[in-house]
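Visitor: Protein chains in written order, with the working numbering: chain A, 55 to 342; chain B, 55 to 342; chain C, 55 to 342; chain D, 55 to 342; chain E, 55 to 342; chain F, 55 to 342.
Don't read these hints as lab results, they were simulated from the structure.
Mixed in with the good hints there might be a few duds.
One copy or any two copies: either way a pair holds, since identical chains are not told apart in the list.
Computed list of lysine to aspartate or glutamate pairs in DMTMM-like fashion (alpha-carbon distance at most 20 Å, straight line) [what the hints assert, rightly or not]:
(1) Lys227 with Glu101
(2) Lys238 with Glu101
(3) Lys238 with Glu69
(4) Lys227 with Asp338
(5) Lys187 with Asp65
(6) Lys126 with Glu69
6 protein chains.
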Amino acid sequence: MTNPLLPPLPDLMLEPILRAALLEDLGLAGDITTSAVIAPNQHVRAEFRARQPGTIAGLDAARLTFALLDPKSHFEIFAPDASTVQSGALIATITGPASTVLNGERVALNILSHLSGIATATQELVRAVAHTKAKICCTRKTLPGLRALQKYAVRAGGGANHRYRLDDAILIKDNHLALAGGVKTALTAARQRAGHLVKIELEVDTLQQLQDAIAVGGADAYLLDNMTPAQLKDAVTLIDGRAIAEASGGITPKTAPAIAASGVDILSLGWLTHTVQALDIGLDITPA
Amino acid sequence: MTNPLLPPLPDLMLEPILRAALLEDLGLAGDITTSAVIAPNQHVRAEFRARQPGTIAGLDAARLTFALLDPKSHFEIFAPDASTVQSGALIATITGPASTVLNGERVALNILSHLSGIATATQELVRAVAHTKAKICCTRKTLPGLRALQKYAVRAGGGANHRYRLDDAILIKDNHLALAGGVKTALTAARQRAGHLVKIELEVDTLQQLQDAIAVGGADAYLLDNMTPAQLKDAVTLIDGRAIAEASGGITPKTAPAIAASGVDILSLGWLTHTVQALDIGLDITPA
Amino acid sequence: MTNPLLPPLPDLMLEPILRAALLEDLGLAGDITTSAVIAPNQHVRAEFRARQPGTIAGLDAARLTFALLDPKSHFEIFAPDASTVQSGALIATITGPASTVLNGERVALNILSHLSGIATATQELVRAVAHTKAKICCTRKTLPGLRALQKYAVRAGGGANHRYRLDDAILIKDNHLALAGGVKTALTAARQRAGHLVKIELEVDTLQQLQDAIAVGGADAYLLDNMTPAQLKDAVTLIDGRAIAEASGGITPKTAPAIAASGVDILSLGWLTHTVQALDIGLDITPA
Amino acid sequence: MTNPLLPPLPDLMLEPILRAALLEDLGLAGDITTSAVIAPNQHVRAEFRARQPGTIAGLDAARLTFALLDPKSHFEIFAPDASTVQSGALIATITGPASTVLNGERVALNILSHLSGIATATQELVRAVAHTKAKICCTRKTLPGLRALQKYAVRAGGGANHRYRLDDAILIKDNHLALAGGVKTALTAARQRAGHLVKIELEVDTLQQLQDAIAVGGADAYLLDNMTPAQLKDAVTLIDGRAIAEASGGITPKTAPAIAASGVDILSLGWLTHTVQALDIGLDITPA
Amino acid sequence: MTNPLLPPLPDLMLEPILRAALLEDLGLAGDITTSAVIAPNQHVRAEFRARQPGTIAGLDAARLTFALLDPKSHFEIFAPDASTVQSGALIATITGPASTVLNGERVALNILSHLSGIATATQELVRAVAHTKAKICCTRKTLPGLRALQKYAVRAGGGANHRYRLDDAILIKDNHLALAGGVKTALTAARQRAGHLVKIELEVDTLQQLQDAIAVGGADAYLLDNMTPAQLKDAVTLIDGRAIAEASGGITPKTAPAIAASGVDILSLGWLTHTVQALDIGLDITPA
Amino acid sequence: MTNPLLPPLPDLMLEPILRAALLEDLGLAGDITTSAVIAPNQHVRAEFRARQPGTIAGLDAARLTFALLDPKSHFEIFAPDASTVQSGALIATITGPASTVLNGERVALNILSHLSGIATATQELVRAVAHTKAKICCTRKTLPGLRALQKYAVRAGGGANHRYRLDDAILIKDNHLALAGGVKTALTAARQRAGHLVKIELEVDTLQQLQDAIAVGGADAYLLDNMTPAQLKDAVTLIDGRAIAEASGGITPKTAPAIAASGVDILSLGWLTHTVQALDIGLDITPA
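So here's chain A without its partners, still in its complex pose:
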């Protein structure tokens, strides 16, 4: 059931996060409620169901959560990552001992609803700009330890990813410009020192900065920060296809269509990953 456009994160990457999350939740004595009130031989079937419409992300993490607790439990996927579901839809089932399901329930739901929340918000924006060529893109405004997962969820929602780290592209921002002595000096230095497989992006707040950049040979991409659609249009004209035009700064689902219509290639939004509305997903358990 692999999605050709969304290669899964390897279990290798998920496993340390899930082991830590399970130990964080189980503590030293484990699930003392289940131990106290549920018969140890009770087997159950439980259904993950959406309680609101949305786009799903994180099922590999949910699957692995239960597999780490009990390799013999069985997880089946009905609405894979990147699929958009209605309220009430069956997403996945987990079958196994009641203790396995109840021990892993909260960890699985916490990750699944968080990542699905990111995918859902991304998907909403992707649709809002579908009439344009613009892509929706996240940033490095992610939560500690969760960057790979959060950026995966953006892809599950149909979005694209910006830099993963400080070391995979050069992005010269306002603070760098202030310290480096302006656009021309900074951009020239960056081009001299960048590796040959490293792209250079420059944040510009004004068209003048953009012109300065072009005057010294230009960057591979421009982060056009807090510009109006009209300013963006002018910037796009100046760039003229020789570099990527990326709009950023306070973009919302409402303002996105006009911004995208300016002709920019990318809309990047920090809040896709820093301000996440969890997708409401429930787990309904019945004796098996």
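Based on the hints, put chains B, C, D, E and F in the right spot on chain A.
Guide: Chains B, C, D, E and F alone, transformed into the frame defined by chain A:
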């Protein structure tokens, strides 16, 4: 500047999270932008400033982020955790080499704005119910690896914490009741097996369940799930001070006052930690 | 073969401890004796047998030790955790390559004999007070990294567990009282700040302290430290069923019956986990 | 205050054990008792005092426990590792914030009293055989993760260490002999394959086995298992100074003198590390 | 003494590697030779000296090795990273207790001589092509866990870095082409799916493949594999400055000048990091 | 297919190294080239083939690399560790999804070619001294974190291992002698303090030092440093079979035969592990 009502998380607890977050962001080659465009001997002073009103949480994590990069950098706090600030307020400063400040900027901001977002939302709810005795409380709906920090942020916002883990209290929920054979059986089993320092809470959806519980001796606390203020009032009357009354289920800042006025002791809200609106905090860097 | 009264520790919790223990014992070159003197294709069957009577705990750790070395080795349990065996009894068998069995032998025996030693001592005390309602309980006087296992062993021996950590209950001890300004101040502060699912226990050395506590509303439990059976009886009378009465301080199998007969609910003993007499268990290997 | 005969374990080796132990005890919310009842600005001085006579081991671990919680706390040693103290003796002091001292108290005491218990038992045996040349030696019967510390404690008590791991010497035991086809085959194979800096020890239960070993060139050391003093004497005569003679099996302080008088070089005792009676050490805290 | 062209790896990145290396070397009992034969209060001064000419890399790792053993030891640098030294040159000194210096000696030398070996070989190649614009570049053929350090050493030798990981650039190699159905299909797919800050490089073995690539719009860089200088010249002509030309395949110091003279931008060599001749560096210790 | 003379390293030991290496190479976004250009359902068969003659080591690490990525992939060994192959020989095959094979390719090749390089160089030396009794032996000059693997590769090449760590044998080197006051003092101190299963080796540069050592009872082994074959012969005569004679210092395949012919037992060479020429091994992938 220790707040008597908010003991800090020990650095010991923050350090592994911050080391991992820094390595996640620095990758293997580090901050190639700063290396390329900023002179290595450049020193800076940078100010953390609120860009919207809110309640602060996470300054120890921000401080330690920079200290791990450079023990000689200097972090000064102006608006400590739990303080509520206006837009534009100076929260803290970091002074040191430009590379230290720029290498740690994103990690520090990501955590600080996330935790301050939690504190701010909590504080809003605390104020909404300030005319009652009710406390605002979070749940286990936290992000993997961040539970201690997120629950600390709730306290910074004036809220209280529910269970930290599956092993520090018994909470019999609807799924347990379905599998255990009902309120009376489950509650009796729980009391027989609970440790002597472990409290027992029971989730009830109806007054009948509450009466069943009281009939077999009662729980230490009741999670009154998805009840109207009127139902909650009846529940509080039935409980009659012999146990904690906790309301949960779809509570918002708008509905909180009426719910709190029902006489419950606790309002618990999963979204305090699973649906966080990051507080907008910026870092303004100037040469030092 | 799951014991309803003794849910197993999840492998997830045991695995890091066992991996570290195996690497600690194998070093970098591994078991150079077995490599030098045993043919690599030799298969064996080995029996864990008690060399003295006792109560067993730790078989999941023993099983997982060998499974980590070789998933195809076969571990079979004959006397499960919590069972009491005579000298010579067969506890479990491990079948597999000689190198697997010999590589894991010491790690498995070290843990199994340590935990069985705890279970055995606990069981002896449980029997000593079986004519009363008192429970036998351990403390936080455990060895670094082994708390979950040691407390599990106490349960396997029929005992109960006190706090698992500093964060799951409030226990106001003599040092706190000295610094906080006495029973009334400390207890009042604790009640104001405790979470709603957190119990409060107070250590008292005298009946006066107990009366002071009751005068300000009382605690959920009292740790009656170093009292004689007569004093304990008076304390129980004062408490009058409104709180848990826990005796501690120098309790031995000899003194336990009289202490338990005082009417206290709990006898807690640090030495159950800090002064462990390993149960003598041997591993007898024969070619398979 | 470094003891020339007892080089300290590097902090590097202690730190991971202590960090894990502190996090195990602090949980996610930390020391909620101290937070609730002690003023945050309270400073204290606390004394570690022996409550029974014994030999001290583990002060570096105790020191580092507090340093990890607060680098500015001050730990002073009065009775260093390897010193033997009377009941009531001052061992060390810790000065700092009350929260630092109370947060680290249990972890520091658990390790210090465990290791001092090992040192004390070792020292008792060392004295019991002081009239002979025999050394007291521990085995690999240690607790998971604590081998370096427990073996250090044996040295602090005046004892010596056997193998640290399976990979630093060859020790052919009864199980190996059974699988390898007897003393001559096993010993010959071991000599052929042992590294040039690896010693070979052979466990023998009978004088015949010892003669067989000598007949094929002998081992570097013999583990004379469960022999009477008379048998040991005969074995020593047979060995005739060409190898180390080591007695093992059920040695107690009572039987040790006679065993040592047989002329063996080493008495090795598993129970020095697997059956530890913690030394009773208390921490008395006063406001500073 | 920071080199503007060679920003140091943060200690944060080095520390886990060095802690692991020290524990790997110290084992559980530590440096038993030094404990046995050197007085504990002996202080020393030791000099790192080159025993052959070369370029230095790894002094931060050497410094931190000793600092982790003893924060009060003093490390002074005389020939910083990236400097080229003659045989006999003083590189650095370490002053402190003899045990600190001897405990860390091997770990520090192992890393320093390995990284300096890489820097030296890189520098030799850089000089061999100094008459051209070509840069010397390493690959992902590094040793497990050491990639950041080995690539840093290449930079210290004056070289440049290729991809750090599979995730920071697209490099379509022969195996990909075979599976993807040829240059045109693969390159088109890569351009459709690459992030906007991700460069695409294509490995080509023939000029025909290069022409195919250009026909569908071209890549950002071409890896010209195993071509003769004449073929490379033709390839450079075809590329015509629109993309980076990178030569690879069996390049040696002897063949490098001719290859570089073909006009390519980059010479990449796997053996810079996979076949390292350690630089001979000694540590001479004298009492201090 | 276990080699009786070469017991495999347990997966337990390899797994942490391989997990870290895979995460180092995959980064956070994984293999973006394969994701972009290869169909997700493509299965392949890939052959590891030697591109030059050599001796193989590291196939367990290669196997486990792919198993960690996908437990269902199939790894088959054709030329096991310790076998010597011709150029072009098939070493092993891996069958599975293209993404599994391509994700693990570099990590598997990096380790396999490094360890095979060590085995190949060792084997060349073993053959060079095959006419003598001398063994070829490595040192502690290994790379951080890779000591167990590198020393295993030496064994795969037919060599032997010296100390694994500072704690498994005493080796008194020139620096120790300088600080300890000469051969007699150092050797006497070492013998007094060495554990009974610890051998003592002494580095000597001159025959006088050797005579001094013998005069005080001698060591178990002598490291004869930088001696000519003639000097070595004299040393061997002096030692007269009472201890191991080990030659070290600048030994090459050319000088090895004459050195070995001097009668020494051991030739030890640091460069076997510090200056490794990777064996050229390729992975040829075809659709399956």
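Visitor: Now, for every hint given, state plainly whether the structure supports it.
Guide: We went through each hint and held it up to the structure:
1. Taking the shortest alpha-carbon separations for lysine 227 and glutamate 101, only the inter-copy value of 16 Å comes in at or below 20 Å, while the best intra-copy value is 46 Å.
2. In the homo-oligomer, the alpha carbons of lysine 238 and glutamate 101 never lie at most 20 Å apart, since the shortest distance is 58 Å inside one protomer and 26 Å across protomers.
3. For a Cα distance limit of 20 Å, the shortest separation of lysine 238 from glutamate 69 qualifies neither inside one copy, at 45 Å, nor across copies, at 37 Å.
4. Taking the shortest alpha-carbon separations for lysine 227 and aspartate 338, only the inter-copy value of 12 Å comes in at or below 20 Å, while the best intra-copy value is 48 Å.
5. In this assembly of identical chains, the alpha carbons of lysine 187 and aspartate 65 never lie at most 20 Å apart, being 33 Å within a copy and 44 Å across copies at closest.
6. With identical chains, the CA atoms of lysine 126 and glutamate 69 are at most 20 Å apart both within one copy (17 Å) and between copies (17 Å).
Of the numbered hints stated above, those contradicted by the structure are hints 2, 3 and 5, listed in ascending order.
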